[in-house]
Amino acid sequence: MPDGGAFHPRVSDEQRLMKLALGGAATFLLLGLILPLGWLFARAFQDASGGFVGFANFAEYVATPSLAVSAWNSLWTAALTTLLVVPAAFTYAYALTRSRMPGKPVFRAVMLLPVLAPSLLPALALVYLFGNQGMLRGLLMGESLYGPIGIIMAQVFYCFPHAALILCVALSGADGRLYEAAAALKAGRGRIFLTVTLPGARGGLISAAVVVFTLVVTDFGIPKVIGGQFPVLATEVYKQVVGQQNFNMGAVVGLVLLLPAVGAFLLDQWARRRQGGFLSGRAVPLEPKPRPARDLPLLGFCTLVAALLLLVVGLAAWGSFIRFWPWNLSLTLDNYDFNRFDSAGWGSLWTSVRMAAMAALIGTALIFVVAWMFERGRVAGPLPRVVGFATAIPLAVPGLVLGLAYILFFNDPWNPLGFLYGTLAILVLNSLVHFYTVCHLAAVTAIRQLDPEFEAVSASLKVPLWVTFTRVTLPICLPAILEIFVYLFVNAMATVSAVIFLYGPDTKPASVAVVHMEEAGQISAAAAMAVAILMVNVALKALHLAMAGRVERWTQAWRLR
Amino acid sequence: MRRLLLTSLAFLALGTAAEAQNRTRLTVYTALENEQLAPFKAAAERAVPGIEIAWVRDSTGIITARLIAERANPRADVIWGLSVFSLLALEGQDMLEPYTPAGAAALRPNFRSGREPMTWTGMDAFVSAICFNRVVAAQRGLPRPTSWADLLQPAFRNQVAMPNPASSGTGFLTMAGWISSQGEAPAWNFMTRLHDNIQVYTHSGSAPCNNAARGEYAVGLSFDMRSVALRNQGAPIDVIVPTDGVGFDLEATAIVRGTRNLDAARRLVDWTVSREANELYGRFYALVAHPEAVTTVQNYPADFAERLVNQDFAALAGRRDELLREWARRFDGKSAPR
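Heads up: the protein sequence lines correspond to chains A and B, in order. Position 254 (the first sequence) corresponds to 250 in our numbering; numbering is contiguous. Position 44 (the second sequence) corresponds to 76 in our numbering; numbering is contiguous.
Because the hints were derived from the structure by calculation, they are not lab data. Note that the structure is a prediction, hence the values are computed from the model and not measured.
Simulated restraints, written as ranges between beta carbons of each label pair:
(1) B:R176 <-> A:S45: 44 to 50 Å
(2) B:R176 <-> A:L329: 34 to 40 Å
(3) B:D353 <-> A:E139: 32 to 38 Å
(4) A:L13 <-> B:D353: 52 to 58 Å
(5) A:W72 <-> B:N342: 45 to 51 Å
Which stretches of chain B does chain A cover? Using the computed rule of at least three CB atoms under 8 Å from a CB of chain A, they are:
(6) 82 to 94
(7) 224 to 238
Ideal Cβ placement from N, Cα and C applies to all residues, glycine included.
Bound-form chain A, shown alone:
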């Protein structure tokens, strides 16, 4: 629990209610996450017929020669990706929040492109650029794209917006008074950066690094498509579960995959404990002043990054209009006539939109309220800690593992929730849980920027907590809430790995259709469906940006002096 100062009210009805609600959240996470994973991970200690074998599977796995190699490969590609992404994302976020460079809304929108598209798009674009028939293959100097080079390039592209989003939030919450004080003390710019800016963003930097590292370790889509035979832990899961239907070994590797993520989580917790909420009720927003020596290089950097992102997406979009790469580059609209390739046709896109909208609506409300109770509920005992730990798990669980766990748990004959299986509802639940962690982090970050004094003052004025929540917390956090909604929606539109096990005859999502068309050799059609998903996401994001300006003016005016 963050320290709320010296204010400790007696246990009231309100707090009992809060405890009850947090208990509800814990139950939800138990049913949607912990129990399914438990059902699967129990298999790690069983043989194929269900008998208990202790650690025999682990011993067998440790003895396979590929483990050490794939674990090492996972670690170093993830570490290198983190080292590449975080500084670049920090610079980009710094430019967006702390400079007066022109065109910020455009840069902010372009930054998100990678999360708006299924991961097939960057993979395709990289093949067009650096594959053996690629336009720029000379740049690789004879090295093959299919291996660590391809994996890292695609992961950098894919992880960049995740890191940039977290860092934007971290950097935007600065207290202008600190900078005024530093300037008054005649500190140089470098010194201010090192002693005010960096410490203020430390939590965000660590979170960003943790998120990127974990995403790379657990993602199997990119290594599968572009990694060639370069073995990583996530493809080991795929080999065991899909290649050999060996769920016991799949569970073992899934558990091993949790380790780096748990380590990263503990690091994050440790860092957060050392940093309290720093935007006090008296804080004033930092208003950067124009300074060309800073703004112009940042503008150049952001232009370069944005151009690269646009190039990758644009190339893949072009790929959706050509007949067949690289032999017949004439343009056609046929690839968008999805009925020719998939019996569901355009219908799967509609399924995806419904699923994503429901996941975003339910998920945003749930995640934000849980995060608020977690942060400000003042619930005593181990409950908040348990909830906090549970919210960190989804990031570390590969979608494939979560999907398999959902089958085993929700399809168990005695499970009273079994009616969900095969419906759209289970896809919604799965997507919501799968992307829980980052949303929770964003909500917590937004809430932490509010001084706990708000609640303390309300309490001493005998205003019920929920009134403070609806009158103060919600409006102030509205921008973050909208971000969470969009994040959930776009990710649910693009996700494949978990839902591929869970869709029913009438609920096949568009992202799964993309995979099917790619497998069937209809590569341009797969690109077209991926672009259709991208367009839905871009439309939502554009709507969000159009609204965000108004929301900002409406809810954030209090921060101005």
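Starting from the known structure of chain A, fit chain B onto it as the hints suggest.
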């Protein structure tokens, strides 16, 4: 007037509901190609009154994993169009309903389950084959291979892609075919020499042919039917059925044990072994289970059936783990792609 309209609307709704209720909805899990789903469904629903087919289609590995994961509470009624190796794995877990479809005795003996009553029946054979990119081969001066042995030539160094047998059923089948046709020790020797020419072992069974079509490799080892869609789009690839013995897999049909619609499932499966159904399979595959069915698919060599090796599916399925371990020991430890 309005009331009349409402009443007739209500009757209309009742009527369609009743009709829908008369038809039994069968959930059918399949790994058939997408373009086969609509004709198969239409033909089956026409021939078997009172059923409606709801497909769940995915790649072989995903569908098999789903079926096994759902074992405690099966959701599929029928499996129609899945690798016989998968069905044998399911049979090993006692997940198939024993039932000899009416007329199944007429099928080729190696295209049906040896049990009595049967647990599965075959539909058609698909073989491992070489996807050969003519344009890339011309650029790099590669000869056109006609046999597996041709792929061992030094000219093919780093030109061949094949699916990793541990990740993909296609990869396992390719390996199993070599073992069946060459014998075990010579097959490992062959794979060791082929390993020098392999550019990449892919995780996906379709990637070698798809990527060969895009010119990423000159040669991709895959299944014969993968190439049809690619050639239709204008990819410069040839599919070569090697002359020195090819392994094959069957697409097969079974009833899932525990189905709530056993009667309808039996009626559907009865039809799937009929000559009429086999001629439907013959629009896509050169060799089907029913010996009298006429196949109409194009572009297959006349002696296609003779090139298929004699393959003991049950024995190979039983040794799968052992063979994969040996494969991984020999070829999987090398991390860096070359």
